[in-house]
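**Q** Letter by letter, the chains look like this.
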Amino acid sequence: MTTKLFGAKVPRVEDDRLLRGNGRYADDLMPGALESAVLRSPHAHARIVHIDVDAVLDCEGVHAVYTYEDLTGPMAAPLPLLIPHPALTHGRTQYALAKDEVNYVGEAIAFVVADDRYLAEDAIGKIKVDYEFLPPVVGIDNARKAERLVHDDVPGNIGARLEQNVGDAPAAIAAAPHRLELDLVIERSASTPMEGRAVVSRWDPDQARLQVWSSTQTSTGVRAAVAAQLGLDLGQVDVITPDVGGGFGVKINHPWPEELLVPLAAIALGRPVRFTEDRREHFISSAHERQQVQHIEVGFDDDGRLLGLDVEFWHDHGAYTPYGLIVPIITSTQLLGPYKPDNYRVVFESLYTNTVIVTPYRGAGRPQGVYAMERTMDAIAAYLKKDRTEIRATNFIQPDEFPYDHQLVFQDGRPLVYDSGDYPALLEKIKALVGWDEFEQFRTEMAAEGRRVGLGLACYVEGTGVGPYEGAHVQIETSGNVKVATGLTSQGQGHQTVFAQLVADVLGCSFEDIEIVTGDTRRMPYAVGTFASRAAVMSGSAIHLAATRAREKALRIAADALEADAADLEIVDGIVSVKGTTGPTISLGTLAVLSNPLRYAFDEVSKAATQFSVGRPEKPPVAEDDEPGLEGRDFYSPERSTFASGMHAVIVETDPDTAEIKILKYAVVHDCGHLINPMIVEGQIHGGVAQGVGGALYERMVYDESGQLLNASFMDFLMPYVTEVPESIDIDHLETPSPLNPLGIKGAGEAGVIPSAAVFAAAIEDAEGFPITTMPISPSELFELRRRHSVVEPTHAVVELVETTTPEEDSP
Amino acid sequence: MSEELHEVRLVVNGATYDVTVPGRRLLSDALRHDLRLTGTHVGCEHGVCGSCTVLVDGTPMRSCLMLAVSAVDAEITTVEGLALADGSLSPVQQAFKDCHGLQCGFCTPGFLTTITAGIRDNPQPTREEAREMIAGNLCRCTGYQNIVKAVERAAELTSAPRRSSSVETPPGEHL
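For the protein sequence lines, the chains are A and B, in the order given.
Here our numbering is used: the first residue of the first sequence is 1, the next is one more, and so on.
Here our numbering is used: the first residue of the second sequence is 1001, the next is one more, and so on.
Accuracy of the hints is not assured; some may be wrong.
Claimed, not checked - Below, simulated SDA-like cross-link-like pairs (lysine to any residue); rule was C-alpha separation at most 20 Å, straight line:
| # | chain 1 | residue 1 | chain 2 | residue 2 |
| --- | --- | --- | --- | --- |
| 1 | B | K1149 | A | A567 |
| 2 | A | K579 | A | A567 |
| 3 | A | K662 | B | E1132 |
| 4 | B | K1149 | A | T723 |
| 5 | B | K1149 | A | I731 |
| 6 | B | K1149 | A | K579 |
| 7 | B | K1149 | A | P678 |
As the list claims (entries may be wrong) - Okay, the calculated bits of chain B under chain A, using three or more residues with CB under 8 Å as the criterion:
| # | segment |
| --- | --- |
| 8 | 1039 to 1049 |
| 9 | 1129 to 1140 |
To be verified - Pair by pair, the computed Cβ-Cβ distance ranges are:
| # | chain 1 | residue 1 | chain 2 | residue 2 | range |
| --- | --- | --- | --- | --- | --- |
| 10 | B | R1120 | A | E660 | 31 to 41 Å |
| 11 | B | P1022 | A | D54 | 21 to 31 Å |
| 12 | A | E705 | B | P1022 | 33 to 43 Å |
| 13 | B | P1022 | A | E627 | 51 to 61 Å |
| 14 | B | L1005 | A | E727 | 44 to 54 Å |
| 15 | A | R209 | B | E1156 | 50 to 60 Å |
| 16 | B | D1018 | A | F635 | 51 to 61 Å |
| 17 | A | F133 | B | R1024 | 26 to 36 Å |
| 18 | A | E660 | B | G1023 | 55 to 65 Å |
It is worth saying that the hints were derived from the structure and are not from the lab.
Beta carbons: idealized from backbone N, C-alpha and C, even for Gly.
Model the full assembly from the supplied sequences, consistent with the hints where possible.
**A** What follows is the structure in structure tokens.
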């Protein structure tokens, strides 16, 4: 009997290969390929007066050197602006190689191809560039002041300003019994996968065909961009995603300059060419995220019910805007979380600075939104002297209110409508899991020992599975093996395992007989990519649909062969039989043979499909509405996103002397609908929480005033080791199925990192008794805050807008 | 004015390789690109992340901080050399599989070599010692939770090597 695999902790099929060192990452491919290096700007803002590459031309082992002057046609145009938006009135993208001006340290200026990377780097060192220095703009404050401009033709350094309104928030706040305002800051971090970017390409002159292997989150995106920029037909370009050593968002942006320059050189030189980014390059020239300054005004009643919420924030998008406004749009919409303010206004400015570009990093604007909302909730609770969970519960969207329409436009251009959820149930679970009601006693006990502890809570809702679509192709071979292709890519999420679970359940075949291919445009040319926690929802649904089509066809052929009704058939272990009988059976492999009428047999089995064996003389061998082969192909394109949710709680201990912050307990409750493989979902949560710990307590990108990134190495950028993460993470699940897809699933990839800044700020604030308004926070910063709050009477950075006079004049 | 080249004999996973390399060629590059043993991964090239860790005469070393010419006369073990003689996964490799100790797999070879040496030196690590054992390697995917479990599982499998390391967990079986 075939066991249902959906919901089971099936071990990963990926592991054996990776554990033996047989993974194939981009830098492992194509032995003998020429290697390359990029000359990057050492200056944050400068005009390029002259580039002298003469010294490179005679270098032994150097095959080519490119500067902007060598680029022609579409390659000489700015890189694509991937996601245009009407509010992005001043979108700018860089050139593959800088033209006239550089706008961040790390911007590509010249590209050298040599026998190996050592020689390419030697050559890079010999290129002379004359710069005319321009004053850099670093940090949101300087960008807003606009005393200097990043781009001469972008007034105020403002790339975009976007406002959305539901009701009249300013009026509602003015009329509210109580009002508060908060000013919050969140700094930069980055995806920082263990494998940086890498691309290798080969041009086949015999077929006039280009092949590109890229460590990307979107092979179809790279393919379209390469074809467009190099002037090739799409059909001439294959993009294949090999094993990818982590993505976390940074590899969804494309095309990176090297993804174009490598194929360009491969065609020109007629030899395979590779680029593999080193760690310093990844820090300075791959994307960052998170940096925002936020101003929040809120009006509420005596119960803490939100009457009006008015949020203004400033988003640092770096020197260019290839990924449009996705990150700040997500902040501005997902900020609302599980709550329903009656009136909401949000306005943001997306600002240019002379720093590396900002594109989505796991969470993609949500951590900032959750930080704004949850800090506000905590401030309201503190003001009303009420329990923090009570204030939240008062404002929850209730289970009977779904679908819930926020009347806003989400990141996919569609209405922000939550499909399902149960936030009160999540709150009960997190309170139980972290010991919310017992905490005050714990605090007292710890205080008796001279120890200081704090408890924090943060809630989030995450739009997952955004469109437009994904597709899948399922083919049953005559051997009975099942080949499945979907176009989005994998970076360690275990797609080959979970997708095979789905196929095995539908086809009733053996799990081991299924092979899943992702991110290969030769196998599935229609796809979008892996981001926004969308792989399980989008490709999972598409695979389910495609497998269902293949099953229907198999049963149709089997019904004919077994002279039975298709509705009476079942498939168990790859064998079709009539339910409840011991009569004749037929295997999926044989059905695959029969599905393809043959003139020529190629082996013993295939004789069964030849012209004197099958078919009826009065019918065409392939029916008019049919096609040969036992295959199913389908696409899943939902009306809108499905919304996962969850809550994190953390207990921290802050050292009274050193201000060191220690995690005593970390609890997660999570609702991503039905779980395909709980082991993999929990692994995603573990990783997200660790990234969140890094982002809240350790990691930040430190730019100095001249735009130099001061900590561009793992020595100085403090990515957590095991010693920095909690010894255990307590996890509980709630399963509220999504009505939007056939499997009732929601995305899970990003959730672990989303509430981190908020939950740690809350816990540290609870331990210390003064507001935490800037994240991340280091022990020395906490120490300094203590010093400041001990000299001055504790002043809330949270300020009451109007102290006493309220319309009802009944303030406490 | 080409670079001076050195003929170097490297002994890796019990096999002998003769390569000709410049003095500056990193051991990691020689392993990966000259010997085509690409299981050793390079994550930072400054000795912090631990992805490129190999065993040099049994001791975990960062192959990005060693020159190929300095590895002469040493016995080097890479991830490709960890599996048992019969081809089955070593206890450490099996433990990673049992415990979902890897996601993207890029940092994994460095953890496997490090833990292989760690378990050899301390076959019964406590939870704290298990954490300490991997405290010099970076992973961005797993949050280390299941890697710590894998260290403990590897210790179990090592002390009873014939018990379960060769038994495949069937799909669908709950871990």
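**Q** Next, verify each hint and record whether it holds.
**A** Against the structure, the hints come out as follows:
Pair hint K1149 (chain B) plus A567 (chain A) does not hold up; C-alpha atoms about 47 Å apart against a cutoff of 20 Å. Note on K579 (chain A) and A567 (chain A): the hinted pairing holds, with a Cα-Cα distance of about 9 Å set against a maximum of 20 Å. For the hint pairing K662 (chain A) with E1132 (chain B), the CA-to-CA distance comes to about 17 Å; that is within 20 Å, so the pair holds. With a C-alpha separation of about 15 Å, the suggested pair K1149 (chain B) and T723 (chain A) falls inside the 20 Å cut-off, and the hint holds.
Distance restraint check for K1149 (chain B) and I731 (chain A): the Cα-Cα separation of roughly 16 Å lies within the 20 Å cut-off, and the hinted pair is therefore satisfied. Under the criterion of a C-alpha separation no larger than 20 Å, the hint pairing K1149 (chain B) with K579 (chain A) is inconsistent with the structure, at around 44 Å. At most 20 Å may separate the alpha-carbon atoms for a hinted pair to count; K1149 (chain B) and P678 (chain A) meet this at roughly 17 Å. Remark: the segment 1039 to 1049 of chain B is confirmed as covered by chain A, as 10 of its residues place a Cβ nearer than 8 Å to a Cβ of that chain, reaching the required three.
Residues of the segment 1129 to 1140 of chain B with a Cβ under 8 Å from some Cβ of chain A number 8, which satisfies the need for three, so the listed coverage holds. A hinted range of 31 to 41 Å for the beta carbons of R1120 (chain B) and E660 (chain A) is consistent with their spacing of about 34 Å. Look at P1022 (chain B) against D54 (chain A): about 25 Å separates their beta carbons, and that is inside 21 to 31 Å. A hinted range of 33 to 43 Å for the beta carbons of E705 (chain A) and P1022 (chain B) is consistent with their spacing of about 40 Å.
Checked against the hint of 51 to 61 Å, the C-beta distance between P1022 (chain B) and E627 (chain A) comes to roughly 58 Å, which is consistent with it. Between L1005 (chain B) and E727 (chain A) the beta carbon distance is about 50 Å. The supplied range of 44 to 54 Å therefore holds. Range check, R209 (chain A) to E1156 (chain B): about 51 Å between beta-carbon atoms, so the 50 to 60 Å window is met. Distance hint check for D1018 (chain B) and F635 (chain A): the Cβ-Cβ separation is about 54 Å, which falls inside the suggested range of 51 to 61 Å.
The hinted window of 26 to 36 Å between F133 (chain A) and R1024 (chain B) holds, with their beta carbons roughly 33 Å apart. Roughly 44 Å separates the CB atoms of E660 (chain A) and G1023 (chain B), a value that falls outside the hinted 55 to 65 Å.
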